[in-house]
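> Fit chain B with the ligand to the supplied structure of chain A, relying on the hints for placement.
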Amino acid sequence: MNDENGAGDLPELPMTRECPYHPPAAYEDLRAIGPVTRVRQFDGRPVWAVTGHLETRELLSSPHMSVDRFHPNFPMPIPALTQLQSSRTPAIGALIRTDPPEHTRQRRDILPSFTLKKIGVLRPRIEQICADRLDAITAKGPVVDLVEEYTKPAVAMVLSQLLGVPFADREYFEDLTYRRFDPAQVVDALADLTDYLSRLLRAKETDPGDGLLDDLVGKVLAGELERDELVKYALVLVIAGQETTANTIALSVLTLLEHPDQLALLLDDPSLWPNAVEELLRFLAITGGLSRVATADIQLGDLTIADGDGLIFLNPGANRDEAQFERPNELDVRRTVRNHLTFGFGIHQCIGQNLARVEVEIALRALFTRIPTLRLAVPMEQIAVRQGLVFGLAELPVTW
Amino acid sequence: MSGAKTLLPSGDATRCVGAGQCVRTAPDVFDQDDGGTVVVLVAEVDESHRALLDEAAYLCPASAIAFTERG
Ligand code: HEM
Numbered sequence: 001m002n003d004e005n006g007a008g009d010l011p012e013l014p015m016t017r018e019c020p021y022h023p024p025a026a027y028e029d030l031r032a033i034g035p036v037t038r039v040r041q042f043d044g045r046p047v048w049a050v051t052g053h054l055e056t057r058e059l060l061s062s063p064h065m066s067v068d069r070f071h072p073n074f075p076m077p078i079p080a081l082t083q084l085q086s087s088r089t090p091a092i093g094a095l096i097r098t099d100p101p102e103h104t105r106q107r108r109d110i111l112p113s114f115t116l117k118k119i120g121v122l123r124p125r126i127e128q129i130c131a132d133r134l135d136a137i138t139a140k141g142p143v144v145d146l147v148e149e150y151t152k153p154a155v156a157m158v159l160s161q162l163l164g165v166p167f168a169d170r171e172y173f174e175d176l177t178y179r180r181f182d183p184a185q186v187v188d189a190l191a192d193l194t195d196y197l198s199r200l201l202r203a204k205e206t207d208p209g210d211g212l213l214d215d216l217v218g219k220v221l222a223g224e225l226e227r228d229e230l231v232k233y234a235l236v237l238v239i240a241g242q243e244t245t246a247n248t249i250a251l252s253v254l255t256l257l258e259h260p261d262q263l264a265l266l267l268d269d270p271s272l273w274p275n276a277v278e279e280l281l282r283f284l285a286i287t288g289g290l291s292r293v294a295t296a297d298i299q300l301g302d303l304t305i306a307d308g309d310g311l312i313f314l315n316p317g318a319n320r321d322e323a324q325f326e327r328p329n330e331l332d333v334r335r336t337v338r339n340h341l342t343f344g345f346g347i348h349q350c351i352g353q354n355l356a357r358v359e360v361e362i363a364l365r366a367l368f369t370r371i372p373t374l375r376l377a378v379p380m381e382q383i384a385v386r387q388g389l390v391f392g393l394a395e396l397p398v399t400w
Numbered sequence: 001m002s003g004a005k006t007l008l009p010s011g012d013a014t015r016c017v018g019a020g021q022c023v024r025t026a027p028d029v030f031d032q033d034d035g036g037t038v039v040v041l042v043a044e045v046d047e048s049h050r051a052l053l054d055e056a057a058y059l060c061p062a063s064a065i066a067f068t069e070r071g
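From first to last, the protein sequence lines stand for chains A and B. First residue of the first sequence: 1, per the UniProt record's numbering; consecutive thereafter. First residue of the second sequence: 1, per the UniProt record's numbering; consecutive thereafter.
So that you can see chain A by itself, here it is in the shape it has in the complex (with noise of 0.2 Å):
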């Protein structure tokens, strides 16, 4: 595992998207090499690159997996992330970068607020705030940047709701969460959020409010939880929950107005949203490499991961594997997946998967029934767009 030397040939990570929607042409060639293969990540340490969906599905699940960021093997996949490692807010610390049994009792501990019947009741909320951007847009016009204008905010003010970060405080608080997307302001926004999250707690301690903050502010006095833990709790579902939800829906506006065919089958067809979502999720993976440390040998086929092994999940890839999809790079809203991996897989699946759902679904939904005339302002190879840890659009200028 740590000869360097035999590193220096194989394919290098992270790879780019040549098109916003498609992953990157490589990985198909890392597939056809074998479903998980030897890469070389930028910083010269070999690592296994895993783009089967088979595969992704059974080493995801495996007992053991670690997500321990200190292990010397762990991977990095994107140069940016060193920086975060070393800055001085604990970035992600709980969760997602946790395991049992410290996983376990924190998933435990804000699994609560994520039901199926908990993010029902978020779904009148977040029609709401989508109609009123969507107020604000179509006063604004003729040409808007729905990064700017839609798909940021909306997402930020329904974590504001579900956190429940005080009105008088929103602003300040989204203003945070939005500094959090700029690569040179992230350390410094990570830092303060640490800042506003902690003085939030102590002024929930004495006069609580109804979100997810304020629910387990009672753990914190019940001493069945350090305030500590709960600024990260609060971090890890910013850092986890924003800029993926905003990038997938403003994906998706791109992939639709670029697939006239499909989102005519949805403009007739309203029924057919929670279906769209499930497959543009499928198709649009925004997430770059799940990392993972075995801490077993592990028997894979005629392979074995190794004790110590590095591994980089490449869910974008095991979304288009041929072996499980159908004609996997055509975008088809009328098919019927549920099985992608777009939220991971094993222990740590995305704790806020259907409240992404939700949310991605009423965004579309609402954008286009509202302007079906909508159209892009400028060609879509001129849109600059975000490669990194989490896939995205820079910006989206749209007209109508």
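No lab work stands behind these hints: they were computed from the structure. Note that beta-carbon positions come from the ideal geometry of N, C-alpha and C, so glycine has one too. Don't take every hint at face value.
[To be verified] Partial list, computed: chain B residues near chain A (C-beta under 8 Å):
id, residue
1, Ala13
2, Val17
3, Ala19
4, Gln32
5, Gly35
6, Gly36
7, Val40
8, Ala43
9, Glu44
10, Ala57
11, Ala66
12, Thr68
Positioned in the frame of chain A, the structure of chain B with the ligand alone reads:
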């Protein structure tokens, strides 16, 4: 009809990670309690539920869903 079987669904709340896949797949069989983990609503279902139970077990990210057969 050749010996219709009864299916006995199970949900292991200690393994459960609350992704909600089983509830989305077979809402008349599985639900989530207030803590967010799986509860099984019915002790047994008939053969017509087999495909749904298979799907729920396949989609569960934590291998918490299973069923046995009787009859
Ligand atoms: C379309 C939008 C989203 C996508 C594509 C997405 C994707 C993912 C993926 C792939 C993972 C697993 C990471 C791994 O195994 O290493 C994950 C975990 C997670 N997601 Fe999401 N997510 C989305 C929305 C959300 C939302 C809305 C929230 C919450 C508000 C959220 C909160 C989390 C958290 C807390 C985890 C860690 C769970 C754990 O480790 O147990 N996500 N997400």
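> The structure should be examined with respect to each hint, and the outcome stated for every one.
Each hint tested on the structure:
| no. | hint | result |
| --- | --- | --- |
| 1 | Ala13 | 10 Å, violated |
| 2 | Val17 | 5 Å, holds |
| 3 | Ala19 | 5 Å, holds |
| 4 | Gln32 | 5 Å, holds |
| 5 | Gly35 | 6 Å, holds |
| 6 | Gly36 | 3 Å, holds |
| 7 | Val40 | 16 Å, violated |
| 8 | Ala43 | 22 Å, violated |
| 9 | Glu44 | 24 Å, violated |
| 10 | Ala57 | 12 Å, violated |
| 11 | Ala66 | 14 Å, violated |
| 12 | Thr68 | 21 Å, violated |
Hint check: violations occur at hints 1, 7, 8, 9, 10, 11, 12; the rest are consistent with the structure.
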